[in-house]
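**Student:** Use the sequences and the hints to build the structure in full.
So the sequence lines, in the order shown, correspond to chains W and L. Here the working numbering is used: the first residue of the first sequence is 1, the next is one more, and so on. Here the working numbering is used: the first residue of the second sequence is 422, the next is one more, and so on.
Since no wrong hints were added, every one of them can be taken at face value.
Dumping the calculated DSS-like pairs for lysine-lysine here, alpha-carbon to alpha-carbon at most 27 Å:
#1 W:K158 to L:K473
#2 L:K442 to W:K63
#3 L:K442 to W:K95
#4 W:K239 to L:K442
#5 L:K477 to W:K158
#6 L:K442 to W:K234
Pairwise CB distance ranges, derived in the manner of DEER restraints:
#7 L:E676 to W:S114: 49 to 55 Å
#8 W:E227 to L:S455: 33 to 39 Å
#9 W:T417 to L:R461: 52 to 58 Å
#10 L:L454 to W:R101: 18 to 24 Å
Calculated directly from the structure, the hints in this document are not laboratory data. Remember, predicted model here, so these are calculated numbers, not experimental data. Even for Gly, the Cβ is constructed at its ideal location relative to N, Cα and C.
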Amino acid sequence: MGNLAITADALSKQYWLGERKVRHNTLRDQAMHRLTSLANWRGNRARPPVSFWALKGVSFEVKHGEVIGIIGHNGAGKSTLLKILSRITEPTGGKADIYGRVSSLLEVGTGFHSELSGRENIYLNAAMLGMRRTEVQNKFDDIVSFSGIEAFIDTPVKRYSSGMYVRLAFAVAAHLEPEILIVDEVLAVGDASFQQKCLGKMEEVSRSGRTVLIVSHNMAVIEGLCERAILLEKGRIAKEGDAREVVKGYAEGLTTLAGIPMSDRTDRVGLGEVILTKIELLDGERRIQAAAITGRETIIRMYYRCLVDKDFQYCRVSISVNGRKGHDLFVLSTDIVDPTPLTLSGEGYVEFFLSELPLTGGAYFFQSFIESNGLAQDWIKSAAPLTVLDADYYGTGKLCPPGWEANGVLVRYTWKTGQLE
Amino acid sequence: MSAHVPSQLEPSRMMTLPHVKIRPSRGLLHLDLSSVWQYRELIFILVWRDIKVRYKQTILGAAWAIFQPLAIMLIFTAVFSYVGQIPSDGLPYPVFLYSGLLPWLYISQALSRSAMSLVGEAPLISKVYFPRLILPLSGTLSPLLDLVLAFLVYLGLMVWFGVMPTWRIVTLPLFAGLAFLIALAGGLWLSALYVRFRDVGHIIPMFIQLWMFVSPIIYPVTKVAETWRSLYALNPVVSVIEGFRWSLLPDYQVEFSVFVPSLVVVFLALAGGLVFFRSMERTFADVI
Numbered sequence: 001m002g003n004l005a006i007t008a009d010a011l012s013k014q015y016w017l018g019e020r021k022v023r024h025n026t027l028r029d030q031a032m033h034r035l036t037s038l039a040n041w042r043g044n045r046a047r048p049p050v051s052f053w054a055l056k057g058v059s060f061e062v063k064h065g066e067v068i069g070i071i072g073h074n075g076a077g078k079s080t081l082l083k084i085l086s087r088i089t090e091p092t093g094g095k096a097d098i099y100g101r102v103s104s105l106l107e108v109g110t111g112f113h114s115e116l117s118g119r120e121n122i123y124l125n126a127a128m129l130g131m132r133r134t135e136v137q138n139k140f141d142d143i144v145s146f147s148g149i150e151a152f153i154d155t156p157v158k159r160y161s162s163g164m165y166v167r168l169a170f171a172v173a174a175h176l177e178p179e180i181l182i183v184d185e186v187l188a189v190g191d192a193s194f195q196q197k198c199l200g201k202m203e204e205v206s207r208s209g210r211t212v213l214i215v216s217h218n219m220a221v222i223e224g225l226c227e228r229a230i231l232l233e234k235g236r237i238a239k240e241g242d243a244r245e246v247v248k249g250y251a252e253g254l255t256t257l258a259g260i261p262m263s264d265r266t267d268r269v270g271l272g273e274v275i276l277t278k279i280e281l282l283d284g285e286r287r288i289q290a291a292a293i294t295g296r297e298t299i300i301r302m303y304y305r306c307l308v309d310k311d312f313q314y315c316r317v318s319i320s321v322n323g324r325k326g327h328d329l330f331v332l333s334t335d336i337v338d339p340t341p342l343t344l345s346g347e348g349y350v351e352f353f354l355s356e357l358p359l360t361g362g363a364y365f366f367q368s369f370i371e372s373n374g375l376a377q378d379w380i381k382s383a384a385p386l387t388v389l390d391a392d393y394y395g396t397g398k399l400c401p402p403g404w405e406a407n408g409v410l411v412r413y414t415w416k417t418g419q420l421e
Numbered sequence: 422m423s424a425h426v427p428s429q430l431e432p433s434r435m436m437t438l439p440h441v442k443i444r445p446s447r448g449l450l451h452l453d454l455s456s457v458w459q460y461r462e463l464i465f466i467l468v469w470r471d472i473k474v475r476y477k478q479t480i481l482g483a484a485w486a487i488f489q490p491l492a493i494m495l496i497f498t499a500v501f502s503y504v505g506q507i508p509s510d511g512l513p514y515p516v517f518l519y520s521g522l523l524p525w526l527y528i529s530q531a532l533s534r535s536a537m538s539l540v541g542e543a544p545l546i547s548k549v550y551f552p553r554l555i556l557p558l559s560g561t562l563s564p565l566l567d568l569v570l571a572f573l574v575y576l577g578l579m580v581w582f583g584v585m586p587t588w589r590i591v592t593l594p595l596f597a598g599l600a601f602l603i604a605l606a607g608g609l610w611l612s613a614l615y616v617r618f619r620d621v622g623h624i625i626p627m628f629i630q631l632w633m634f635v636s637p638i639i640y641p642v643t644k645v646a647e648t649w650r651s652l653y654a655l656n657p658v659v660s661v662i663e664g665f666r667w668s669l670l671p672d673y674q675v676e677f678s679v680f681v682p683s684l685v686v687v688f689l690a691l692a693g694g695l696v697f698f699r700s701m702e703r704t705f706a707d708v709i
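**Tutor:** Spelled out as structure tokens, the structure:
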């Protein structure tokens with residue numbers, strides 16, 4: 001085995017959908033089902049239960065001291081993989097071996113009981129995560145001071161704010177000292193300063209030579225912490241390798257922009273002689289992307305079609321990005337940066353180049369506008385969704401403050417201090 | 422936080438690293454009871470949590486463990502002794518009744534706690550690994566404290582009614598142990614079934630009620646017709662209660678032959694329960 005911490009060999013997990021649909025949650029259901037399938041024994045046999053593979057033939061190896069990220073869409077099998085490696089559920093096929101003491105952290109505050117005090121919950125939660133009692137006793141003061149809620153340590157946690165709750169929970173988790181740590185998305189909690197603290201702790205853990213397997217939707221975390229990443233797609237490994245490369249692959253694989261063809265849409269205002277037919281997102285190498293990445297070179301391409309056979313003069317094509325709350329974050333418009341009159345005819349496209357995308361990760365949408373000669377031709381309020389994946393914009397590994405997802409425009413800046421005499 | 426040195430620098434350590442094998446399990450007889458032992462601290466802490474939580478934010482606190490059996494004793498005495506004229510083998514009815522209530526209240530509480538233990542801890546089961554056996558086990562252990570407290574009440578009753586215990590009282594832990602095994606066996610079956618079939622939640626209260634009436638708690642075994650006795654003795658609670666009475670009540674006569682079928686039933690239920698629980702355990706996290 002040498003230097004390996006985790007080996008997974010053709011891990012598979014099958015869930016029975018059919019069984020779920022006719023889920024025998026009551027004895028009567030099961031009895032009835034047995035009876036009906038007996039009755040149907042000869043004629044039309046009960047349709048076989050449909051199964052799906054949440055995980056199919058997943059093999060990989062993790063060396064001791066390696067920090068590896070697992071990314072993928074919802075339903076790609078990330079959670080199933082973590083659950084199998086944490087021994088919460090059994091694989092249907094394949095095998096895995098883990099060499100070393102494992103702690104898995106699929107949520108913070110597992111086993112917390114609201115009636116118990118913070119102190120009592122520390123012991124409880126630590127035991128759930130596999131910490132020995134003496135170990136907890138030794139680290140108790142560190143845990144409490146890390147959480148920053150010393151004053152409330154003997155208050156029942158049901159009186160805690162959700163922030164305090166999470167702080168305490170993470171503090172316990174942060175003091176685990178396994179050789180192998182399996183983590184799921186737990187960083188997406190707490191206020192900004194606490195998140196920094198957690199991220200710092202994660203870095204410390206990963207630099208201390210321990211093996212970490214982390215699942216996250218936050219590309220900045222993956223890029224910042226992991227050398228290597230695995231992209232899961234429909235239960236299989238779609239890509240594996242250098243974390244930055246895999247994150248890039250993930251962005252390319254995201255589902256395409258809008259469902260219905262843009263030209264068929266009716267939620268538009270304007271004369272309709274010139275219409276928008278498609279919005280495309282391209283990366284710096286002019287490859288079509290389904291999602292953009294924070295800070296990367298991005299091209300937004302707007303296709304138009306003139307339904308009347310003539311030259312449309314003095315045109316203006318613009319697109320704005322709206323945030324989660326529907327407010328405009330910034331607008332790109334042909335006339336602002338270049339006053340040369342624009343004439344449109346036939347079919348074509350307009351491309352906007354952004355040397356770096358100044359948006360934090362999250363879901364946004366585009367609002368499009370085409371005008372000719374001062375008359376609105378085509379205005380679509382929510383023309384297409386825009387998914388932005390978080391990446392390390394400032395090169396510091398730090399995230400945008402929580403609450404700013406899909407709301408934040410990033411600006412390049414520096415700062416210094418001055419001393420008053 | 423002491424940094425763990427990468428293992429390649431520590432070849433000797435490599436040899437001692439725990440090895441977790443993850444395989445689809447096959448076969449029925451994969452009990453792996455040693456893993457339960459490894460997690461004994463968790464059992465302890467769950468029991469402690471259970472006890473702690475039960476009496477939080479109550480005025481009487483742990484006094485409930487004393488007040489409850491006492492109140493039940495008074496109510497039953499009023500109904501069955503005064504109104505129902507049920508005989509009690511020549512003993513004061515309250516003492517007779519309480520000596521049967523003592524193990525029964527434990528069994529019924531332990532049984533329902535352990536039966537509910539898995540579904541009640543669904544979030545735990547889907548988020549963290551530990552041998553699932555720990556949950557019904559701690560559900561059966563935590564009411565033992567109440568049993569001890571209720572036993573203190575019994576001692577008071579004995580003094581009150583002038584019934585003096587004999588040496589046989591030292592055998593009480595044996596019968597309490599049997600009560601524990603009965604509750605555990607039932608808890609294993611019911612808790613695993615409950616994960617799959619929520620009907621169990623509705624059945625348990627009825628089941629416990631029925632079980633109480635087919636056990637000699639409010640009436641003496643002598644009230645059961647001779648012809649039915651051997652069938653009656655299949656109910657292991659009969660043995661527990663007879664044992665309790667034999668150990669607690671002076672001159673109480675017991676036919677020890679009733680213990681044989683009871684012990685066989687308990688053993689089979691427990692062994693079957695373990696195998697059943699283990700085979701169901703694989704899908705707990707998926708189904709719960």
